[in-house]
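> All chains should be modelled from the sequences, with the hints used to inform the complete structure.
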Amino acid sequence: MGIKKYILVFLIFLLAIEGLYAQPKFTNKDYIKALKQVTDIMVNDVTSPVAASRYYAYITIASYETMAAFSNTQYISFDGTIYGFHISKPKELTDSFNTSLSSVLSVYLAGKLFLPSGSSLQLSIDSLELKYKKIDPKIYEKSLQLANAMVDQVFAYSKKDGFNKLSGMQKYTPKNGLGNWQPTPPVFMAPVEPNWGKLKTFLLDSSTQFKVQPPVAYSDNKNSTFYALTKEVYLFKKNATIQQQAIANFWDCNPFAVEQIGHVEFGLKKISPGGHWLGIAGIACRQQNLSFSNTVLVHALTSITLADAFIACWQEKYSSDRIRPVTVIQRFFDAKWAPLLQTPPFPEYVSGHSVASTAAAIVLTKIFGNQLSYTDNTEVEFGIPSKNFKSFNAAATEASISRIYGGIHFRDAIDQGVWLGNQIGLCAITKLNKQLNKAKF
Amino acid sequence: MSRILKKISFLISFICFTTYLYAQNLKKFTALSQEKTGISFNNKLVETAATNIITYEYFYNGGGVAAGDFNNDGLIDLYFTSNQSDNKLYLNKGNWQFKDITSSAGVAGRAGGWKTGVSVVDINGDGLLDIYVCYSGDVDGEKRANQMFINNGNLTFTDKAKQMGIADQGYTTQAAFFDYDKDGDLDLFVMNHNIKNLRNFDAAFVKKMIDPDAGDRLYENRNGVFIDVTERAGIISNPIGYGLGLNIADVNNDGWPDIYVSNDYVEEDYLYINNKDGTYTEQLRSALGHISYFSMGLDIADINNDGLADIFTLDMLPQDNRRQKLLFAPDNFELYNNMVGNGFYHQTMRNMLQLNNGNGTFSEIGQLAGVSNTDWSWSALLADFNNDGRKDLFVTNGYGRDMINRDFVKFYANERLKHVQGKKNDRMFLMLQGIQSTPTHNYIFENSNDYKFIDKSEEWGFEEPNFSHGAIYADLDNDGDLDLVVNKMNQVAGIYRNNTVESKTGGNFLNVSLKSKSNNRNAIGAKAIVYTASGIYCIENNPIHGFQSSMQIPLHFGFPDKKIDSIVVQWPNKTSSKKITSIPFNGNIELTEPNYGLTTNDDKIVEAPLFTLNENAVDYIHQQDSVNDFKVQPLLPNMISYAGPKMAYGDINKDGKTDIYICGNSEKSGALFIQTKDNQFVKSNQPALEILPKTEQAAALFFDADNDGDLDLYIVAGGFSESNAGVTYQDELYINNNGLFELSVNSLPHMQHIGSCVVSFDFDKDGDLDLFVGGRALPGKYPLPAKSILLMNDGKGKFTDETEILAPAFLSLGMVTDASWIKNNAKEKESLVVCGEWMPLTSFTFLEGSFKNNTKDLFAEPLKGWWNKLTFADMDHDGDLDLVAGNWGYNSQMKASDKEPVEMYYNDYDNNGSIDPILTYFINGVSYPMASRDELTDQITILRQKFPTYDSYADATIKDILTPEQLKSSNKLTANYFGTIWFENINGSYFKRELPIEANFAPVYSIMVNDFNKDGNNDILLFGNIEKARIKIGKIDANYGTLLTGDGKGHFKYLNQQISGLALKGAVRDAIKVNSGTILTTINNQAPVILNY
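So the protein sequences, as listed, match chains P and G. Heads up: the first sequence begins at 1 in the working numbering, then just goes up one per residue. Heads up: the second sequence begins at 442 in the working numbering, then just goes up one per residue.
No lab work stands behind these hints, which were simulated from the structure alone. Misleading hints may appear alongside valid ones.
With a cut-off of at most 27 Å between alpha-carbon atoms, the simulated DSSO-like pairs for lysine-lysine come out as follows [to be verified]:
1) K171(P) - K1222(G)
2) K1387(G) - K171(P)
3) K893(G) - K1340(G)
4) K1387(G) - K159(P)
5) K390(P) - K36(P)
6) K387(P) - K859(G)
7) K36(P) - K133(P)
8) K893(G) - K159(P)
9) K1387(G) - K238(P)
10) K336(P) - K1340(G)
11) K387(P) - K865(G)
12) K1409(G) - K1222(G)
13) K1469(G) - K171(P)
14) K648(G) - K336(P)
15) K717(G) - K623(G)
16) K200(P) - K89(P)
17) K1293(G) - K1413(G)
18) K1237(G) - K1095(G)
19) K175(P) - K865(G)
20) K175(P) - K1135(G)
21) K1135(G) - K171(P)
22) K1222(G) - K175(P)
23) K1387(G) - K112(P)
Computed footprint of chain G on chain P; a stretch qualifies when at least three of its residues, placed anywhere within it, have a C-beta under 8 Å from a C-beta of chain G [what the hints assert, rightly or not]:
24) 40-47
25) 182-189
26) 324-338
Stretch by stretch, here's where chain G covers chain P in the computed footprint (C-beta under 8 Å, at least three residues) [stated by the list, open to error]:
27) 117-125
28) 264-273
The structure presented is a predicted model; accordingly, all values stated were derived computationally and were not measured. Backbone N, C-alpha and C fix where the C-beta goes; we use that ideal spot for every residue, glycine too.
See the structure below:
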């Protein structure tokens, strides 16, 4: 008997033992872990912040709908809540399945369908199959069927949001105005997703439902407001405290900062702002010992809100098309100036992190209240120590201002970004009130 | 022994020898082992956390080689530099035996220093060769001081760099000794680089800075002591010059040494022209249209035996598809525009072969020559390795680690850094260990005719993959052919014996040693020209070639002839030259510089050129800058826009003079110019024509639309990018109202097409002029053609679209670029001949009430090309109309043939309403897509799942990209011929006739046929170039106005630019004969240029 056979026998033995514990129990940790796998793939694929927010939305909607399909009335479908979204439960399926297993499966199945490198999630599906099929093959098969049926409907719905038209649209060309956005050092990347604002929103009436104030007009006059805004960013870099630098780094959330050393050039990756806030949602769910189902709901609500926040923000970014601080500061003050953080490759106004963080914090506050203090360790794997926050709002405020510390935003883009995030967050909790009110947290 | 016996024995020994050679399966070069030669030198590199590619970015640049006879025994000795260990000096003992005498000679170099280039020179004129060793590296200044090992005459050397003032502590790559001021002693140019990478800087400011460590330096020799004259001499010495290649040559053929410095990264190369007064002027931009981006080593030599110095610079473009896909970054127009906008020059990542036109311009033809892609390359050596008279090319290459591998950049580096622990330097070092290392084989090319270099790497014995850097050629065994010596990384140096003479596979040779009584003992800077019946063979005596290497050896000439007519030597001593006529054959000759005053001036006769250029004759500057068709459709092969300005011409005011209209576009309106009696062009005030057009005016035509006896103006709407502004494309007719042109609103039907050209003809013989308007491409839907249109005139200037009824074939004719209505045969009816992109030349005749395709009657073979222009004229004095047709040419990565066509697959593969065009062409026998992984997956997003990494895409062909169903339902276009050619009319049918290769240096957009040289025969004048290409393709601008003179019998000869006087820069888009002896050309984004002849 070869060594392989020994291993096989041993595995069968192990599985048999495990089979004794027949009832698969899924906790909030299982769901959070599954979503983290999705996040890891996005980080590796260098998924842009906007694309990431869209993927999170569809994946969490799919897993929520799967979980809610045959659950009690506590969980209301997004059918009718999200614009144009209709979903039906498969009629041929009876209730002989495990909804939480099915919900986790749907995360993997949706991830496989949506993500460029999603095929690697098949391994996770295989290991679930290995673990649960032998317990009750029928329940596993049914659960898988349910997940597939719901994921397929969400996938079909996603095709109508305009995403697949983006590749055929006119690419962006930097404009020549003094105050217009220009590609930024070090690698002058092409701007990310200039037409993202044209995507269909989930909850908002349109990407322009809430109108921010126009950005402070560009001026090189030393007495102008714009000059003062620029000087503020310039001086922050000069005088930044260690704490402020740490804050900037903590909220960097740049999916691809390019490091250049001679001919050596490579990208250093971090999670996107959306990924960071889903991380925070997961921390809160675990801290409050939320049920599996409630955890799925929290992630879906946060994701949908974030997706809309990014669509609205991108609409504004490319319509105002504002210059980044690095370009102006090199022009006004110091030709060699570089910001603390690498400038992300898209126009400045308004700050995406401010919009997304503020909107997400409003949804999370609505669920968990304004008193939940927590330790945010989402960035530890990227070499950044964990950090304590008194509340979601405190975190959102810090995330917003961090962009000035980082040298990548002007103050008005933060202020108006926070305002826009507020409007979107409030709009979201109004539109989602059915789901929020029925759920028992 | 009787004569016969002698002959027999010779025959036998010859047979034995050749059998012996064949028995060894002898290639042209044989690599000799360390055991055979005794040369064990190995440039061994030890990577540590403190010393590696991250701490010193030129860690993998390797060492150099020097060749010279240090003990004057008639045998060439060798010296190698080692980056980290001892340099080595090997004495040539003859019979391929070498002896290491490094330690007794005292030339090991400084321990702890990073040794780079080496320059061998007799600096003190004592008849003994000395050695100058360059230093760099991330070490202290004292350890970087360059050394000058003075030869004591007893095979010992003493470093006297300090006393001489040339212990330069910059980060030196290479140094060159030459007599820049012609005072009889040797001066020194030291080429340095920065070891820090500057990224964020104010280009205008930094370019003017002087950096003591990174900047280049020129030293003047004053009685053996060297004085820094960098600034005074006009040498750029800024911190962004990453000098990797240095050559001295008389580039402008005025007898004075010029300097070429090739720079890595964004700083462009420098071409310093000697002002003959101790100063230089950097003139790269006026001479070269574009250059290598990450320029590395280079060589300058006469590759086409016209006596002019051609320039060849190296870069890093791989030859095979796989490495191109793995290493090539996607086109970034923002980055490129940022580079050019900041004052840097046009640069593309590939080797550039700059052919010297002798009039201050160079034609870059590296891709036509086949030498553009040799991977990450270091040394280029141009020399005649097979004694056939043409200089061949040897290239060393290879980079320690694939730092620019896209998977490393995007995925691997981050992943590995996550999993390694420790301090930053240690983590980086550990990460580096995982980067792929890909050795590549050296390239050797045989210079064939028509500027073609044939890759003989394998056949000539260079198939072994390695990492190789500095190299030299020298005749080490004095047998009459050039052997090669290569410094390799982590491997014993390569010694390659040339078997040309042994195997009698080459021509004949002559080695010429030049001597001078001046302190420039070896007559550096002299030029020797060998004249034979087959031509002239020219070599300049400069020891620095290739990369970090030098050779002070006799000049080696090969030639096919059995007799030399004469040798002329232009000595450095001003203009003296000497003809020598009694010359030994297949041997050596030593010539000594004569004393001043004894020599003749060289007998250059300066002929007046055929053409003179006037760039200020027409007060109009074409402007078009903002459109970028690639933003509409990223996978376009070329832009559709930038096809103008075209012209319309005719006698508007009936004064017997040709007037012109220059087409406008959405950034600059067109203009009408009236020619006065004294041939001046005066702008006519035409309010209707001065309104800024909404689209590019693709073409214009003066013709009498309304039969009132004067010329009206038809303008074709074209372009590509304007569709995004919601602009509709509508042609316009302007009626001539006593000289004032007014838009006739109702004369034309609603057209909504994108046109390219217009032809008037009376196809229905009703006495008025009807129109054919060629259709170009549909914006966002390339390569779907816009419809071509037949407009019928009602006799009063009102036109109706009769295409569907009378010419349904025009609706999907193809992407038309030009058309002509001709009567090509006395018997036949007239035909409409049409050409276009991806189209064969196509023709129609109006027969029985509709246009019928009669292509088969006119064109024997379907040549599908990227045609731009048709011109009919009698080329061979037989009274019928022949055809000259302008095409894409041969000077790009894409080559098309029946066997290996360029193809375009297209469809809306992802059903999102936009056409996805996938261009494929052959590389090494397999057809691959042009698009990089990112470019393709940005267009067809779903493919990201199929190709998650660059590696997964690196070998993909169209069959891997598309599913079998997609492939089946794909539409496909093919190009099998890219040549600009002429067609001979034989009884009304056209037969392909090739033109001289110079016709295919660039895409041709305009053709003039006339008897320019007034010998009674028609000549051909070609214009073209493209400047707004994909970044990967880059500018193709080798055409400065190409004149091909005809003999009246259908043969054409290229007339060189010096004699023709043509030096038109830019993308010429139209040319019109406006007077006898005067041609007016229009150029994209420039003022028109008038040519007088």
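> Against each hint, give a clear statement of whether it holds in the structure.
Hint-by-hint comparison with the structure:
For the proposed pair K171(P) and K1222(G), the alpha carbon gap of about 15 Å is at most 27 Å, so the pair holds. Proximity of K1387(G) to K171(P) is assessed by CA-CA distance (about 23 Å); at most 27 Å being required, the pair is judged to hold. Of the supplied pair hints, the one linking K893(G) and K1340(G) holds, its CA atoms being roughly 20 Å apart against a limit of 27 Å. Distance check on the hinted pair: K1387(G) and K159(P) sit about 19 Å apart at the alpha-carbon level, within 27 Å; holds.
Our distance criterion of 27 Å between C-alpha atoms is met by K390(P) and K36(P), whose separation comes to about 24 Å. Proximity of K387(P) to K859(G) is assessed by CA-CA distance (about 21 Å); at most 27 Å being required, the pair is judged to hold. For the proposed pair K36(P) and K133(P), the alpha carbon gap of about 24 Å is at most 27 Å, so the pair holds. With a C-alpha separation of about 52 Å, the suggested pair K893(G) and K159(P) falls outside the 27 Å cut-off, and the hint is violated.
At most 27 Å may separate the alpha-carbon atoms for a hinted pair to count; K1387(G) and K238(P) exceed this at roughly 47 Å. Taking the CA atoms of K336(P) and K1340(G), the gap is about 54 Å. The hint is violated against a cut of 27 Å. Proximity of K387(P) to K865(G) is assessed by CA-CA distance (about 23 Å); at most 27 Å being required, the pair is judged to hold. Proposed proximity of K1409(G) and K1222(G) is supported: the alpha carbons are some 20 Å apart, at most 27 Å.
Annotation: proposed proximity of K1469(G) to K171(P) holds, straight-line Cα distance about 17 Å (limit 27 Å). Taking the CA atoms of K648(G) and K336(P), the gap is about 14 Å. The hint holds against a cut of 27 Å. Pair hint K717(G) plus K623(G) holds up; C-alpha atoms about 9 Å apart against a cutoff of 27 Å. Restraint check for K200(P) and K89(P): the C-alpha separation of about 24 Å stays at or below 27 Å, so the hint holds.
Of the pairs offered as hints, the one joining K1293(G) and K1413(G) holds, with about 24 Å between alpha carbons and a cut-off of 27 Å not exceeded. Taken as a hint, the K1237(G) and K1095(G) pair is honoured in the structure, with Cα atoms around 21 Å apart against an allowance of 27 Å. Note on K175(P) and K865(G): the hinted pairing is violated, with a Cα-Cα distance of about 40 Å set against a maximum of 27 Å. Between K175(P) and K1135(G) the alpha-carbon distance is near 19 Å, which keeps this suggested pair within the 27 Å criterion.
Proximity of K1135(G) to K171(P) is assessed by CA-CA distance (about 20 Å); at most 27 Å being required, the pair is judged to hold. Of the pairs offered as hints, the one joining K1222(G) and K175(P) holds, with about 25 Å between alpha carbons and a cut-off of 27 Å not exceeded. For a cut-off of 27 Å, the pair hint linking K1387(G) to K112(P) stands: about 12 Å separates their Cα positions. With 3 residues having a Cβ less than 8 Å from any Cβ of chain G, the stretch 40-47 of chain P passes the three-residue criterion, so the hint holds.
Counting residues of the stretch 182-189 of chain P whose CB lies closer than 8 Å to any CB of chain G gives 6, so the stated coverage by that chain holds, three being the minimum. Note: the stretch 324-338 of chain P has 5 residues with beta-carbon separation from chain G under 8 Å; the three-residue rule is met and the coverage holds. Using a Cβ-Cβ cut-off of 8 Å, 3 residues of the stretch 117-125 of chain P lie near chain G, which meets the minimum of three, so the contact claim holds. For the stretch 264-273 of chain P, the proposed coverage by chain G is satisfied: 6 residues have a C-beta within less than 8 Å of a C-beta in that chain, meeting the threshold of three.
In terms of the numbered hints stated before, the structure departs from hints 8, 9, 10 and 19, listed from lowest to highest.
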